[in-house]
Amino acid sequence: MLRVISADALSAELRRSGVGDVLADDTTRAAYSSDASLYRVRPLVVARPRDADEVTAALAVCRREGVPLTSRGGGTSVAGNAVGTGVVLDFSRHMNRVLSIDPDTRTATVEPGTVQAVLQRAAAAHGLRFGPDPSTFTRCTIGGMIGNNACGSRTLGYGRTSDNVTALQVLTGTGESLRLGAAGTTPSSPTLSRLQQVTRKGLATIRTELGRFGRQVSGYALEHLLPENRFDVTRMVVGSEGTLVVATEATVRLVTEPAHRVLVVLGYPDIASAGDATSLVLKFDPTACEGIDSRIIDVVRARRGLDAVPPLPMGAAWLFVEVVGDDLDEAVARARQVGRECGAVDSLVVTDARRTAELWRIRADGAGLAGRSPAGLPAHAGWEDAAVPPDMLGDYLRDFDALMADYGVTGLPYGHFGDGCMHVRIDWPLDKPGGSSVFREFLVAASTLVARYGGSLSGEHGDGRARSELLPLMYSVDALDLFAAVKHAFDPDNILNPGVVVDPRPVDADLRVPAAPVLRRNLALGYHHDGGDFTQAVHRCTGVGKCRADNTATGGVMCPSYQATREEKDSTRGRARVLQEMINGSAVTGGWRSPEVHEALDLCLSCKGCSSDCPTGVDMAAFKSEVLHQTYAGRIRPASHYTLGWLPRWAKVASHAPRLANAAMRIPGIGPLVLSSAGVDRRRAIPPFAKQTFRSWFTATEHDRTITGDPVVLFVDSFTNYFTPEIGRATVRVLEAAGYRPQLTDAQQCCGLTWISTGQLTAAKRILGRTVNALSEFAAAGTPIVGMEPSCTGVLRGDAAELLGSAAASSVAERTRTLAELLTDRGWEPPSLLGTSVVAQPHCHHHSVMGWSADAKLLEEAGAQVQRLGGCCGLAGNFGVVKGHYEVSVAVAEQQLLPAVAAADSNTTILADGYSCRTQLDDLTDRRGTHLAQLLAERLDMQIAGERR
1 MLRVISADAL SAELRRSGVG DVLADDTTRA AYSSDASLYR VRPLVVARPR
51 DADEVTAALA VCRREGVPLT SRGGGTSVAG NAVGTGVVLD FSRHMNRVLS
101 IDPDTRTATV EPGTVQAVLQ RAAAAHGLRF GPDPSTFTRC TIGGMIGNNA
151 CGSRTLGYGR TSDNVTALQV LTGTGESLRL GAAGTTPSSP TLSRLQQVTR
201 KGLATIRTEL GRFGRQVSGY ALEHLLPENR FDVTRMVVGS EGTLVVATEA
251 TVRLVTEPAH RVLVVLGYPD IASAGDATSL VLKFDPTACE GIDSRIIDVV
301 RARRGLDAVP PLPMGAAWLF VEVVGDDLDE AVARARQVGR ECGAVDSLVV
351 TDARRTAELW RIRADGAGLA GRSPAGLPAH AGWEDAAVPP DMLGDYLRDF
401 DALMADYGVT GLPYGHFGDG CMHVRIDWPL DKPGGSSVFR EFLVAASTLV
451 ARYGGSLSGE HGDGRARSEL LPLMYSVDAL DLFAAVKHAF DPDNILNPGV
501 VVDPRPVDAD LRVPAAPVLR RNLALGYHHD GGDFTQAVHR CTGVGKCRAD
551 NTATGGVMCP SYQATREEKD STRGRARVLQ EMINGSAVTG GWRSPEVHEA
601 LDLCLSCKGC SSDCPTGVDM AAFKSEVLHQ TYAGRIRPAS HYTLGWLPRW
651 AKVASHAPRL ANAAMRIPGI GPLVLSSAGV DRRRAIPPFA KQTFRSWFTA
701 TEHDRTITGD PVVLFVDSFT NYFTPEIGRA TVRVLEAAGY RPQLTDAQQC
751 CGLTWISTGQ LTAAKRILGR TVNALSEFAA AGTPIVGMEP SCTGVLRGDA
801 AELLGSAAAS SVAERTRTLA ELLTDRGWEP PSLLGTSVVA QPHCHHHSVM
851 GWSADAKLLE EAGAQVQRLG GCCGLAGNFG VVKGHYEVSV AVAEQQLLPA
901 VAAADSNTTI LADGYSCRTQ LDDLTDRRGT HLAQLLAERL DMQIAGERR
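Under my numbering, think of the first position of the sequence shown as 1, with each following residue one higher.
Simulated from the structure, these hints should not be mistaken for lab results.
For clarity, every value in this text was computed on a predicted model and none was experimentally measured.
Some hints could be false.
To be verified - Cβ-Cβ distance ranges computed for the label pairs, FRET-style: (1) V345 <-> E938: 47 to 55 angstroms; (2) A945 <-> T256: 39 to 47 angstroms; (3) G531 <-> D8: 55 to 63 angstroms; (4) T554 <-> D298: 19 to 27 angstroms; (5) D922 <-> Q865: 22 to 30 angstroms; (6) R666 <-> D8: 27 to 35 angstroms; (7) T554 <-> Q197: 45 to 53 angstroms; (8) T448 <-> P899: 53 to 61 angstroms.
Stated by the list, open to error - Restricting the straight-line Cα-Cα distance to at most 27 angstroms, the calculated cross-link-like pairs of lysine-lysine (DSSO-like) are: (9) K857 <-> K652; (10) K691 <-> K652; (11) K652 <-> K765.
Here a beta-carbon is modelled for each residue, glycine too, at the ideal position from N, C-alpha and C.
Required output: the full structure, derived from the provided sequences and hints.
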């Protein structure tokens, strides 16, 4: 019988028992209320153990108090395995080390919170790797992989996690500590003695129902306990979803990397035909055979641009097949043979490493990219993981498609076709009355279908809350009784992850989406891609957790605040969960002004990295603006909203007497006092106002410029006009050299960015509306609009349509270009940059809204050697200037920008188009940032000077 204990009392008892890092605040509990599944279960307490002794202590408290204990790694469980009502043990915070690597035995010993990618980097130093590689490898943990027997794309080559674990240190539900090793080395143990008795009684059932094919993950893997398998308890507990043991240490097998990997992409007329071809592909012993639907590719192109997808062969579905070999020519020849002999309508061998990585990245993002169905509706996990014997996959896909049609739902299939495992997310009407019933009925029908094919309800994600109740449709009563007996042997008091596998919760209990009401009224932003529904927009977050990964190596930005603090509440996912709790109102009860919401959003840099890097397209910057707008509507705001939020207004005033304004800020004692009263951190410096605005210069020099050339309108942002007019002058120089005739609007306009970032959206609409009206006549005439400041250009390209929702805003967005986009579209030949080394820090909004590919192409064509940085500079507009943000701002800069600048020699150009990026450089380094226009203008002048000589 579970006793009732409060969160505070339980926290105190855990601390008294030696568990140091215990969190029971409402913000944390909201952030941990879900994983990557459909389920919402608010924990009582989150504990983050530092070592095995603290895990032991936490388990002892839970046993004494009758409180459930759920183990959690990266929280990427799609089946609801990592949420619980009691204590959630987050191993990723502290127990995340690679303890040792033994190159001779090819093994590694790790703590359970070790991220798979961290282990891979450590192993790579010895020419080794850990075989299983799920799509979430950048943030999933080894403990989580052990929990659900993760597989990944290369199971054909390396096997499942259970095939790669050699030893485990675990605690059972009774608190017994066990060291589990190789098969046949069973330690003396009361738990294992009970397990042996259970096994002996169930041999016939185990032999006939378990271990029938490689991806039979549902239930417990009792086939490993058979005498012929030497009672291998280690492999059996892998995949038991934290219901039998808590792992505190694991030793895993490592393998050598092949000398060469070659990808061949096979095109088919539809996804079922791709499934039919799987058995033909398997004859070639590939290391991977992955299926993907063309509609997922369409999502990537729509969200990230046509250049985001490398060339693909003809077809409406593809198999990504990887072959390996010691000899490159032999591997390429075998890949071509696969292309010829597997029934494809077209094929393409990809040998370019960058293109190969881009294609695999699309496949890795499948779970998020499939978060919108072909019907454009939110698509959900819940039946995302079924597997059948591979030779039956094509027929199963056809029957499954018919089943979806019968229920009036759609989804985008993809997955590990070589293993017969299909992933899909389905647009069940969970937000509609009766939607949960449709969900339940569909799951029952789908389970019946997969059982008819001799398949498994789960092929790698585990049963969790999504499928455990459905196990009777796959297994006999005898098998289910065996599972219960095994659970009782390890965890007789049902402390460990209750409600999963044995004595399951109903599949339609604790669903997150139905608990959240529609929220469409009185919103400031349009949320046009979500039907105007803030709830649907927030529930774009499916919890895949890419925001917890370090995405900077591939040029990603999301999520800089999490990388700085490593706190779940400071991740995009954590913030989305808190907002979801605010909407349902059961735990976070203060609405828009809830302290939990503001705590979660406080360190959001509004970088918009998530809007492009998150596979589901979450835009946390927009959510933060909406929250601030709703919170302070008709109320007194923080001082920084009136100072930094109104910066263009104050800059305009200062432009009338810039020398006086600059001198006033230099008076000892005055400057810091003004900064402090304005809500600005005293360690920040306010950049000086320009002595002459850009617009003044443009007017004064009008007769010095050419009157020929194609017209182009410069959008003169406040930063360029009042602070850095030299960038505007350089832009004019470059545009004229490219054959353009720059023009300005009649009056200075503003995009309203600073009002948007501080949530003053009523004023932002008014300001931005005037700007769009001024630009719309040029857009209607087909005249390009060129932005110089990336963040302001991003407003015209993205935020304007969300705020204004007008045809004029859409027209302006379509005509707005960055300088690099305009020049590359024209085919302009840039001046030579041969011998020039560039460290490029793309502005976050540049990366997220416009993309930086045009800039990269222009620099490459000019011959520059470019090191592109990922991540954010850390200043992020007003974020790093505001009191309370300085330390995080600097920590973000230290992730990529500061180390790269420190390593660059004095001749290296630090390319930073963003005003905030250059300001951060000014504040934290002795280097100065250069705008692309300045770099090109300088080289144009050098080129002309050289020609004259």
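Tested hints:
no.: 1; hint: V345 <-> E938: 47 to 55 angstroms; in the structure: holds, 51 angstroms
no.: 2; hint: A945 <-> T256: 39 to 47 angstroms; in the structure: violated, 56 angstroms
no.: 3; hint: G531 <-> D8: 55 to 63 angstroms; in the structure: violated, 41 angstroms
no.: 4; hint: T554 <-> D298: 19 to 27 angstroms; in the structure: holds, 21 angstroms
no.: 5; hint: D922 <-> Q865: 22 to 30 angstroms; in the structure: holds, 25 angstroms
no.: 6; hint: R666 <-> D8: 27 to 35 angstroms; in the structure: violated, 51 angstroms
no.: 7; hint: T554 <-> Q197: 45 to 53 angstroms; in the structure: holds, 52 angstroms
no.: 8; hint: T448 <-> P899: 53 to 61 angstroms; in the structure: holds, 56 angstroms
no.: 9; hint: K857 <-> K652; in the structure: violated, 36 angstroms
no.: 10; hint: K691 <-> K652; in the structure: holds, 12 angstroms
no.: 11; hint: K652 <-> K765; in the structure: holds, 19 angstroms
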